[in-house]
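Asker: As a plain string of letters, each chain reads:
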Amino acid sequence: MSKRIAASFRDPSGFMFKQKGLVYRQINKSYQADYDALMESGLYERLTKSGAMIAHEEVDKALALIPELVYKVVKPETINFISYPYEWCFSQLREAALLTLAIAKRSLEFGMSLKDASAYNVQHFKGRAVLIDTLSFEIYREGEPWIAYRQFCQHFLAPLALMVYCDVRLSQLMRVNIDGIPLDLASALLPNKTYFRFGLLMHIHMHARSQKRYSDQIVVKDVVKAKMSRMALIGLLESLETTVKNLIVKGINTEWAGYYQDNNYSEDAFQAKKQVISAFLARIKPDSVWDLGANTGEFSRLASDQGIRTVAFDIDPGAVTQNYKQVKAKHEKNILPLVMNLTNPSPSLGWHHQERSSLAARGPVDAILALALVHHLAIANNVPLLDIANFFKALGRFLIVEFVPKTDSQVKRLLATREDIFPDYNQSGFETAFGKVYKILETQALEGSERTLYLMERRIN
Amino acid sequence: MHIHFLLKPLAYLDPGTGSFIIQMLAAGLLGGVVAVRIYWKKIVAWFKRKKPGELEDTDPTEVRDELDEI
Numbered sequence: 045m046s047k048r049i050a051a052s053f054r055d056p057s058g059f060m061f062k063q064k065g066l067v068y069r070q071i072n073k074s075y076q077a078d079y080d081a082l083m084e085s086g087l088y089e090r091l092t093k094s095g096a097m098i099a100h101e102e103v104d105k106a107l108a109l110i111p112e113l114v115y116k117v118v119k120p121e122t123i124n125f126i127s128y129p130y131e132w133c134f135s136q137l138r139e140a141a142l143l144t145l146a147i148a149k150r151s152l153e154f155g156m157s158l159k160d161a162s163a164y165n166v167q168h169f170k171g172r173a174v175l176i177d178t179l180s181f182e183i184y185r186e187g188e189p190w191i192a193y194r195q196f197c198q199h200f201l202a203p204l205a206l207m208v209y210c211d212v213r214l215s216q217l218m219r220v221n222i223d224g225i226p227l228d229l230a231s232a233l234l235p236n237k238t239y240f241r242f243g244l245l246m247h248i249h250m251h252a253r254s255q256k257r258y259s260d261q262i263v264v265k266d267v268v269k270a271k272m273s274r275m276a277l278i279g280l281l282e283s284l285e286t287t288v289k290n291l292i293v294k295g296i297n298t299e300w301a302g303y304y305q306d307n308n309y310s311e312d313a314f315q316a317k318k319q320v321i322s323a324f325l326a327r328i329k330p331d332s333v334w335d336l337g338a339n340t341g342e343f344s345r346l347a348s349d350q351g352i353r354t355v356a357f358d359i360d361p362g363a364v365t366q367n368y369k370q371v372k373a374k375h376e377k378n379i380l381p382l383v384m385n386l387t388n389p390s391p392s393l394g395w396h397h398q399e400r401s402s403l404a405a406r407g408p409v410d411a412i413l414a415l416a417l418v419h420h421l422a423i424a425n426n427v428p429l430l431d432i433a434n435f436f437k438a439l440g441r442f443l444i445v446e447f448v449p450k451t452d453s454q455v456k457r458l459l460a461t462r463e464d465i466f467p468d469y470n471q472s473g474f475e476t477a478f479g480k481v482y483k484i485l486e487t488q489a490l491e492g493s494e495r496t497l498y499l500m501e502r503r504i505n
Numbered sequence: 083m084h085i086h087f088l089l090k091p092l093a094y095l096d097p098g099t100g101s102f103i104i105q106m107l108a109a110g111l112l113g114g115v116v117a118v119r120i121y122w123k124k125i126v127a128w129f130k131r132k133k134p135g136e137l138e139d140t141d142p143t144e145v146r147d148e149l150d151e152i
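Listed in order, the protein sequences are those of chains A and B. Everything in the first sequence is counted per the working numbering, starting at 45 for the first residue and increasing by one. Everything in the second sequence is counted per the working numbering, starting at 83 for the first residue and increasing by one.
One or more hints might be untrue.
Have a look at the derived ranges for each label pair, beta carbon to beta carbon [claimed, not checked]: (1) A:Glu102 / B:Lys124: 40 to 46 Å; (2) A:Lys369 / B:Leu111: 34 to 40 Å; (3) A:Ile110 / B:Asp96: 21 to 27 Å; (4) A:Gln398 / B:Trp128: 55 to 61 Å; (5) A:Asp223 / B:Leu111: 26 to 32 Å.
Straight-line distance between alpha carbons at most 30 Å, and here's what the computed DSBU-like set of lysine-lysine pairs gives [unchecked claim]: (6) A:Lys456 / A:Lys318; (7) A:Lys256 / A:Lys271; (8) A:Lys271 / A:Lys289; (9) A:Lys318 / A:Lys437; (10) A:Lys73 / A:Lys116; (11) B:Lys124 / A:Lys289; (12) A:Lys73 / A:Lys47; (13) A:Lys377 / A:Lys64; (14) A:Lys149 / A:Lys372; (15) B:Lys124 / A:Lys271; (16) B:Lys123 / A:Lys289; (17) B:Lys130 / A:Lys149; (18) B:Lys124 / A:Lys149; (19) A:Lys119 / A:Lys377; (20) A:Lys149 / B:Lys123; (21) A:Lys170 / A:Lys116; (22) A:Lys483 / A:Lys329; (23) A:Lys374 / A:Lys93; (24) B:Lys123 / A:Lys271; (25) A:Lys329 / A:Lys369; (26) A:Lys289 / A:Lys237.
Where chain A lies over chain B, by a calculated footprint (3+ residues, C-beta under 8 Å) [unchecked claim]: (27) 96-106; (28) 110-117.
In short, the hints are calculated from the structure, not lab data. These numbers were taken from a predicted model, which means no experiment stands behind them. Quick reminder that beta carbons are idealized off the backbone N, C-alpha and C, glycines included.
Excised from the complex, chain A in its bound form (with noise of 0.2 Å):
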């Protein structure tokens, strides 16, 4: 059975489609010319070869899903995890902010131009930001205006700058706003000594006030003739990108990125933590896990650098933000830090709800690790355990899970100011609620502390 990728409908180039488990992208003949260019020119090359874009083969046209339209069928490479925007630290948006001006730039040396901008077109995949999108391209013509300006005004420049003068919890308005922060907004939003950096004045300020100002009216003539030069394209381009790396966030407030260097328990039961939960990943073998309150991903590595397609979700930006310094420094491929709060996970968005996929959506993967996190879910959110079972259940079959009783002091804080409605919240309690939905395959004390381990699959019904 094939399929329309349901966020994949705006551009009339073409489309993305699924058959048989595997994702195509159908090119239109309306797009024959530009992609043609693109191939030709040596662009495609170029960016595949640098890892700035995702390569793809050409494949049997017969596959096409609308045989009228089709020029041409292509397989592009597989990204396991379409991740989002809202879900990037700063490093990860602005990483991707400059790709898209570099791509941008290095279209026009090969007579094309980038005609979209969009964050979504860009992933973090292998370790690196990438553009998806083969058909973002088409034959520059000398005098045309970037027409992806507003597009990357609103999608990375406005984000990244409330990112650094406001606060980095801002890039949540990605969430509320599907094609990016409106610019009247973030032009409101940021404060007024925004209005000395020549960068942000000209692209989000003015540029707010101009689109108010022309918001009903029609261009007259002579404004509409006046062509915009090739040095002025790339004058305006170099200047988008001044104004991204001029902006950089200082010292992150961070709750949990300190959590390994001021917690209660000894290097002896870190150690021992490592080792159980390498153990139980020996066991079940997963080709992909999902490390959920990941913090800066010391456990998630155990996975990833084995080779295991990792994802590490935390709710804490600057605990992602350092966990992405090491990815880079690292240069490591398996893994993906991504910011999330489990206790209200990316829901799907966008038109019929289906652009953007929910979390769920994006599973199940074959192994969820959840250390640490259960007593933050039940005793700081109230959410009941066996609901918490089944969130766990849903996103993944093996389950590698960490109880930490109300004897132990993190969980002591968290009942500190307030009162102790859990009554069931102890280890009996937690297997009783679990046990209804998976199996528990092993269990394991944690010594040096009053924490228990489990591996847990779960169960069919």
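Fit chain B to the supplied structure of chain A, relying on the hints for placement.
Answerer: Then chain B, alone, in the frame of chain A:
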């Protein structure tokens, strides 16, 4: 929006009138800067004309990250 006729018929993004105008303004200013830089380099290069066969000078201290290689 009447700016469409300047753009390809297939352009599916609406560049927005205001975005278009500010872009022309910004690009006009910035293009000038690029032009000055390019001509300045040419002038400097002319004065420091190299012997034939000499390699183009690159800055060895320049840190190249993966984005420069794109």
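Asker: Quick one: which hint numbers does this structure break? Sort them smallest to largest.
Answerer: none
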